[in-house]
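Peer 1: Sequence:
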Amino acid sequence: MNIYDELKKLSWKKQAYFKWRFDLEFDQLKDKHTPERLAEILKVKTLNEYTKWEKSPEFLKLTNLVLSTKFANDIEDVYAICVENAKTGDVQSVKMMLELQKQIKQFNTESQKVQKTDDSPYDSLDVT
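The sequence shown begins at 704 in the numbering used here and counts up by one.
Each hint should be verified, as a subset may be incorrect.
DSSO-like cross-link-like pairs, simulated, lysine-lysine; straight-line CA separation at most 30 Å [what the hints assert, rightly or not]:
#1 LYS758 to LYS733
#2 LYS773 to LYS798
#3 LYS717 to LYS758
#4 LYS746 to LYS716
#5 LYS733 to LYS712
#6 LYS805 to LYS764
#7 LYS746 to LYS735
#8 LYS733 to LYS717
#9 LYS712 to LYS758
#10 LYS773 to LYS711
#11 LYS758 to LYS746
#12 LYS733 to LYS711
#13 LYS755 to LYS712
#14 LYS805 to LYS790
#15 LYS773 to LYS733
#16 LYS816 to LYS712
#17 LYS764 to LYS716
#18 LYS748 to LYS711
#19 LYS790 to LYS816
#20 LYS773 to LYS790
#21 LYS735 to LYS722
#22 LYS733 to LYS764
#23 LYS722 to LYS755
#24 LYS805 to LYS816
#25 LYS716 to LYS758
#26 LYS716 to LYS748
#27 LYS712 to LYS735
#28 LYS748 to LYS712
#29 LYS722 to LYS711
#30 LYS717 to LYS764
#31 LYS755 to LYS773
#32 LYS773 to LYS758
#33 LYS722 to LYS758
Rather than coming from a laboratory, the hints here were simulated on the basis of the structure. As the structure is a computational prediction, the values presented were derived from the model and not from experiment.
Modelling step: build the complete structure from the supplied sequences, incorporating the hints.
Peer 2: Structure below.
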């Protein structure tokens, strides 16, 4: 599941707000809009409607997706540092690298089990 695919399901205004809120614009060279400028772009007087939306389950789901992506990137950075330190013979880094590998492998195994499970009640129906 990709955050940009999930955002496509929203109105353009919610997409713009969410991208602004989490700094998800593709062009990272542009300065972030001020709240006032964003309100102009969204053609609203205030962002109150969107701050209320932040309390919704829909917003929470999207936020979790963004944070899990950032977490995965952080883990990747930590793993790369551990590998470099482990190559120099740092015993602590070797242990940490092996532990990270074990946990990543376990996570991947669990996520594959979840992906294979389909909750559709129609899958087991015999239509013949």
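Peer 1: Each hint needs a verdict: does it hold in this structure or not?
Peer 2: A quick look at each hint next to the structure:
no. : hint             : result
1   : LYS758 to LYS733 : holds, 28 Å
2   : LYS773 to LYS798 : holds, 24 Å
3   : LYS717 to LYS758 : holds, 13 Å
4   : LYS746 to LYS716 : holds, 9 Å
5   : LYS733 to LYS712 : holds, 25 Å
6   : LYS805 to LYS764 : holds, 28 Å
7   : LYS746 to LYS735 : holds, 17 Å
8   : LYS733 to LYS717 : holds, 20 Å
9   : LYS712 to LYS758 : holds, 18 Å
10  : LYS773 to LYS711 : holds, 20 Å
11  : LYS758 to LYS746 : holds, 22 Å
12  : LYS733 to LYS711 : holds, 22 Å
13  : LYS755 to LYS712 : holds, 19 Å
14  : LYS805 to LYS790 : holds, 18 Å
15  : LYS773 to LYS733 : holds, 21 Å
16  : LYS816 to LYS712 : holds, 27 Å
17  : LYS764 to LYS716 : holds, 18 Å
18  : LYS748 to LYS711 : holds, 24 Å
19  : LYS790 to LYS816 : violated, 33 Å
20  : LYS773 to LYS790 : holds, 26 Å
21  : LYS735 to LYS722 : holds, 10 Å
22  : LYS733 to LYS764 : holds, 27 Å
23  : LYS722 to LYS755 : holds, 16 Å
24  : LYS805 to LYS816 : holds, 17 Å
25  : LYS716 to LYS758 : holds, 17 Å
26  : LYS716 to LYS748 : holds, 13 Å
27  : LYS712 to LYS735 : holds, 23 Å
28  : LYS748 to LYS712 : holds, 24 Å
29  : LYS722 to LYS711 : holds, 11 Å
30  : LYS717 to LYS764 : holds, 14 Å
31  : LYS755 to LYS773 : holds, 24 Å
32  : LYS773 to LYS758 : holds, 21 Å
33  : LYS722 to LYS758 : holds, 16 Å
Hint 19 from the list above is the single one not met by this structure.
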